[in-house]
Structure formats: structure tokens, C-alpha cells
Amino acid sequence: MRKKKHGSVHTGGDGTISRRKFLGVTAGATAALSFGTFIRSGLGAAKINVLTWSNTLNAMDDTLREQAKQYTKEKGVEVSFEFINQSDLPTKTAAAVESGAGPDIITTWSDGAHLFDKALIDVSDVTGSLGKQLKGWTNIAKDIGIVGKVWKTVPWGIIPIIVVYRSDWLEEVGYRKFPDTYDEMLVMAKKLKDKGHPVGFALGRAIGDGNQSHYPMLWAFGGAEVKKDGKTVAINSPETAKAVDYRRKLYQAGETEDILSWDDSSNNRAFLAEALSVTGNAASIYWAEQKNAPHLRKVTNHALWPKGPAGRFGYSTAMGLGIFKFSKFQKEAKAFITWLIQPKQYSAWIGVGEGQIAGLANYYEDDPVWKKDSKLEVVREIPKYVRMPGYPGPPSRPAAEAMVKYVIVNMFARAAKGMSTAETIKIAEQELKEIYGKA
Amino acid sequence: MSIARAERLPARPWAARFVKPEALTGYGLISPAVFLMMVLLAYPFVLAVYISLSDRVLGEPGKFIWLGNFLKLLQDSLFLQTVWNSFVYTLSTVFLKLVLGLLLALLLNQEFPCRNMVRGALLLPWIVPTSLSVLTWLWMFDSLFSVVNYILLGLGLISRKIPWLGDPFWAMVSVIIVNTWRGLPFFAVSILAGLMTIPRELYEAAETDGARAPRQFWHITLPLLQPVIAVVVLFSTIWTFADFQIVYILTHGGPINATQIFATMAYDIALVAGRIGEGSAISLFLFPALLVVIILMLRYLRRE
Chain D
0 MRKKKHGSVH TGGDGTISRR KFLGVTAGAT AALSFGTFIR SGLGAAKINV LTWSNTLNAM
60 DDTLREQAKQ YTKEKGVEVS FEFINQSDLP TKTAAAVESG AGPDIITTWS DGAHLFDKAL
120 IDVSDVTGSL GKQLKGWTNI AKDIGIVGKV WKTVPWGIIP IIVVYRSDWL EEVGYRKFPD
180 TYDEMLVMAK KLKDKGHPVG FALGRAIGDG NQSHYPMLWA FGGAEVKKDG KTVAINSPET
240 AKAVDYRRKL YQAGETEDIL SWDDSSNNRA FLAEALSVTG NAASIYWAEQ KNAPHLRKVT
300 NHALWPKGPA GRFGYSTAMG LGIFKFSKFQ KEAKAFITWL IQPKQYSAWI GVGEGQIAGL
360 ANYYEDDPVW KKDSKLEVVR EIPKYVRMPG YPGPPSRPAA EAMVKYVIVN MFARAAKGMS
420 TAETIKIAEQ ELKEIYGKA
Chain Z
0 MSIARAERLP ARPWAARFVK PEALTGYGLI SPAVFLMMVL LAYPFVLAVY ISLSDRVLGE
60 PGKFIWLGNF LKLLQDSLFL QTVWNSFVYT LSTVFLKLVL GLLLALLLNQ EFPCRNMVRG
120 ALLLPWIVPT SLSVLTWLWM FDSLFSVVNY ILLGLGLISR KIPWLGDPFW AMVSVIIVNT
180 WRGLPFFAVS ILAGLMTIPR ELYEAAETDG ARAPRQFWHI TLPLLQPVIA VVVLFSTIWT
240 FADFQIVYIL THGGPINATQ IFATMAYDIA LVAGRIGEGS AISLFLFPAL LVVIILMLRY
300 LRRE
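If you read the protein sequences in the order shown, they are chains D and Z. At the far end of the first sequence sits residue 438, using numbering that gives the first Met the number 0, and the numbering has no gaps. At the far end of the second sequence sits residue 303, using numbering that gives the first Met the number 0, and the numbering has no gaps.
I should point out that these hints are in silico values taken from the structure, not numbers from a laboratory. All C-beta atoms in this analysis are idealised placements derived from N, C-alpha and C, irrespective of residue type, glycine included. Be careful, since some hints might not be right.
[As the list claims (entries may be wrong)] In silico PhoX-like pairs for lysine-lysine, Cα to Cα no more than 25 Å straight-line:
no., chain 1, residue 1, chain 2, residue 2
1, Z, Lys-160, D, Lys-192
2, Z, Lys-160, D, Lys-437
3, D, Lys-416, Z, Lys-62
4, D, Lys-91, Z, Lys-62
[What the hints assert, rightly or not] Here's a subset of chain Z near chain D, in silico, CB distances under 8 Å, partners left out:
no., residue
5, Glu-59
6, Asn-108
7, Leu-143
8, Trp-163
9, Arg-274
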């Protein structure tokens, strides 16, 4: 009898397979099979896939679906929308960029076009002709769309973040209108809280509401995380200190202490539970009231962000439509985007949104949607005031990183929890230097 | 005799060699497993290691920078806080799960009515999809509607509501509670299985010698449970260090980064901010240390 060799599969005679040989063969087969999946067939008629976020207002998504069908009927190019959760967009986008496969058109979220511009094609021709037709683009449209000197995404819309307030409670403490400055708001907030109706701006890990309430506050007092060059950290300034002092006072005098734990939906819930008088949010609260709390809708109103010593600011998420370089139907995708942003389609889409989304071309400031409801009229002004994180520098990767690390929100949160102004600014400065130093 | 003859046969054509039934079966049986390991484990892992050694950002190839990411991380104040948080989170939950799991297993090893039903019910936290059960916890800790606060206030145990997820200290307590709740069944059931294998005679002998329960536990139960405990602690430590769902859903790493752990920070940096190289480095940071722990543990088990 032959002794079985250690580490081999005994098959008798020449059929002996060593472990190493076996692994080699299997690994080879694996590699070959994996390679096969990368080869995609490029044959057949044009079909455009659009990856976008699913709106809390289902009617807006339905309109897009309808329009896609209509486009197919008119132009013979099949278009399909894939709607995913907003928070999954970065993951899905990253996967598509890294694997070089996926949708043809991607929804760029805020600074998305700046983050993965290398994967997107130049769409300057589309924005050029649309801009001419639609009275030009707003500043924020240019901020999110132009990377270097080239348009990388076609500005699509903005989700305006505004001040949402209870008009009846404001009247109770003597205000018929929402105050126009931060200082006046502080006085009002104290009166409201004394009456048992605190205000609240998220200081927790609310990637939307938290950042969108606090970047404008910083800017309104004249503070900024970097200088205009987008590189030199400039957070440690007397202006920032004023903003931080203000934030602490607002928390102590007029806010519910829950704000430190808030995520993006907490203020919506608190407002609908009648535990909150003022907050920063999209028009989604107002919209939800229509279904769940009609009695509240009568006493809910909207206002622009207050002014500070340096002016009025806002930060809202703006979206664009970018086309991936790996798309086989770039020409068709450009044609579809152009068609989608034509007044006929676009007005119909934002029309069902009732203020959830505003246009980024100047033309849409006079869209009929803003005449529908006087309580939403302020929303249309928002695009004028909106800036992106990193302001006054351009949107950039470090600016995005500072935002996901909640550097600014946490700076204010530490102050609210009682840390000294100098100390919390110093921590933020240190964090920003680490982030911007990497670039 | 037959084998000897087979060895003398002339070499057959290449194809015929592989068609030998026995060889074919060998390939057939092992290849799915090897294929899956290659595709699902080896490839992503090697890729992750490679990416962590590059300065790659989303959509750009990046260049190889050796340990650059890891060295940079060591100077990143937020990362150092993340390391600290991860250790606090993992060590305290594993300790709690071990102590409570052991107690629970001892209880379940007693005779009592409906024992099997209770044992089955115990597994519920483990069976329910984590993301779903954690959403329930999120509501229980909600700043406005927290049922936990409601009960504690009602019982007069606290005078003002606890900011469960809003305060750095309480947020860490919250995620520890939920992780312990979620992982406890794994400990209890594994230890219970270990308990049931301990021969009764040992206890009877000890009793005859006059040893009481505490001494029996100390000298019989605990030593014999050691291998089981080593395995569950090992697994749980690895899982907890890599945990994502509980923290992501409950606090998203906040407030003020108080619960930021490896996985949540890696997610934010790699996928949201687009620094894939650095994100991979964060998630692989503990890999060398864990590898050593695993090797030591497995060695110890083999010796046992």
C-alpha cells in the first residue's frame, strides 16, 4: 500500500492533486468568472437609468415616473428611475464610482459633484443652453455645479430649509411676524420658553437639520471655517466667538434641552406633538400636517433665516444630475436631462411638491407653485441666500469631511453643554486644521 | 496488488486524467466552498488591505502610501477619541454580557416549569433583525416620548428625565445597554450548552466531599466552562469591535462624537466624505491586534 502523502488528495496514479495545484486551479477559475462579470453587453437600444432619492412626498416621485414614461413614448428612449433612501445615496454612488458600473445618471447631493468629479462627464453644453433659456443660474447652482471651470452636474433643485414656527404661540408672546434678526429671535425664544413653548435647532447628529441650522448662524455673525482660498483655517475669530456665545444663550434661554440628541426627524416629531414652537426644517412639517394634523396647519408658518451682523444666510441641500463617464448613452442622457428641466416638465414636478423643492434656474423664482400658498412664499427666496459648507471658499472634499464630522455643530453643542467659548473654538480649529491639512 | 498495477500504467491523455471519477468528485465537492471563500472573503479582504495602504479617494485611483493613513490617524484627535470609545464600548459590553450571560445560563440550567419555552424566548433579541429592534430602542430612548423615562419618573426613581441619547455619558450608556441586550442570548445559550455537558457525577462527588454550591461553581463549573467562555468572548469581542448598526441607528456616533466607534467613523469618512483609503485604514486599524488575540486564543483552545 502506498502511504498517502500529507497535503494531497489521493486519487491514485497520476490523478494525484496537490492542495496547491487545486487552489491554483480554483483561484484561476474564480478570477476568470469575476472578470466575466465586468464585461457588460453594450448592444441594444438606448436605455437610461437614473439613480435618485425617494422623496418623502411620494407624489413627486410618481410625477417623475410618469414623465419617464412619457419621454419613452415621445422619443423612443427608455428611461427608468430608481428611488432609494437619501442616506443610501453616498454608498450607492461610491459603489458605482468604484466599480465603474451602475446608473447612467446620478443625483449629486450637495457637494457630490465636487467629491467624485473625476467620474462625471462635462455637461457644460447642457447647462449653457439651459442657462440661456432659463434666465441664468443662481449662485448656489454654480457652487454645486462648477468644479474648477467645468460644469460637472446639471443643477436640478434645492430642498429649501426655512424657519418653521407656530404663529399662534408667537402671537401669545406678542409677535405677529417672525423676528428678522438673531438677537430679536433670542428675546422671543426666552418668552416662548417661559410660556412652556421652547424653540429648538438640532445640535445632535442630524446631518441635515443640524448642519443646515448652524452653518448659517456661523456665517450670519461673520464667522467662517476657512478663508476665501478654501485652505486657510479661519474659524478662530472674534466673529465665531460671537456666534458661539449667541448659541449658548439661545440654548439656555429658549430651547428644549432635547436638541443634543436630535436626529433629522426629531424636530418634525416634536413639532407635530406640539412640544416645539420654532425650528429649522424643510416644508415637510407643513406638508405632513395636511394629513396628520390639519388643525396645526392653520397655525404653522414659515420665515427666512434671521439676519446677523454679517447678513442673511442659509444652507440647504441642492441637487444636480450628473452623467457617469462609464455610461454608454451619454448623448441620450444629456438630452433627457435637458428635457426634464424644461418648464413644462419641471413646473409640473415642483408643482406637486408644494414648496418641498425650489428651482435652481432664475426662471423658476416666478414659478406658479409660489402663488399657490402664501405661507410658502418665503421659500422661493431661499436659493438667493444659500451657501455651501466651506464658504467663503468653494465646496471641497475637506469641507464635506468637516461637515460629516460635525465640526461646526459640535463646536456649538459643546458651548451649549457649558464649555467656554475659547476652548470649544480651539477644538474646532484643531479638527479643521487636521482636515484641511490633508488636502 | 491492484494499486501496484495502476502505477505501472502508461500516462494517459491530459483530459482522461481529470475525468477520473474520484478526482472529479474531489474538485466538485470542495470547489463551491473555495469559490465562495475567494469571492466573498479573500478578494474583499485583500482589496480592503490594499486600499487602506493608498490615499485613494472616491473616483480617483490614488497612490500607494504604505502606512501613511495609519500614521496620520494616530495624530487625528477624533480618531483617538474613536479608539477610546470603541474600547469602552467593547470591553464594557463583553464584560456585562459575560457576567449576565453566565448568571442567566445558571438559572436556565435549573428545573422550573415551562423551561423550554423560556429558553426559546430568550433567543428573541438575537433572532429579531438588529436594525429593527434597535429602531424600537430608539423610540424607547426618544427625547420626547421615552417610555423608559416615563416609567422611571412614574416610579419616582428619577426627578427629571434622562437625556438618553442627548448627553455624551448617557449616550454611551444607551448603546452599551442595547448591545448587551442584543448579545446576551448568544452568551447565555452557549454557556448553557457548556453547562449541560458537565457530568452530574462531578457535582455528586463534590457534594459527598462536603463542597457547597459556591465551591462547586468555582472548582467544577468555571474550569469546565473555560473553553466555551473563551470562544464566546473571542467572537463577541470581534463582533463588538466591528459593530455598526446599533450605534449608527441610535446615536450616529454623537452627541459630540461621544459614541463614535470604528465602523461608524469609517463609514462617514469613506463613504460620505469620500476618503476611501483613510476609511479602510480606520476599519482595519485593529486588525493586527485582533489577529494576535485570535491566534493566542485558538492556540489555548487547541491545548485544552
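Structure-based check of all given hints:
no. : hint                    : in the structure
1   : Z:Lys-160 <-> D:Lys-192 : holds, 18 Å
2   : Z:Lys-160 <-> D:Lys-437 : violated, 42 Å
3   : D:Lys-416 <-> Z:Lys-62  : violated, 42 Å
4   : D:Lys-91 <-> Z:Lys-62   : holds, 23 Å
5   : Glu-59                  : holds, 5 Å
6   : Asn-108                 : violated, 40 Å
7   : Leu-143                 : holds, 5 Å
8   : Trp-163                 : holds, 7 Å
9   : Arg-274                 : holds, 7 Å
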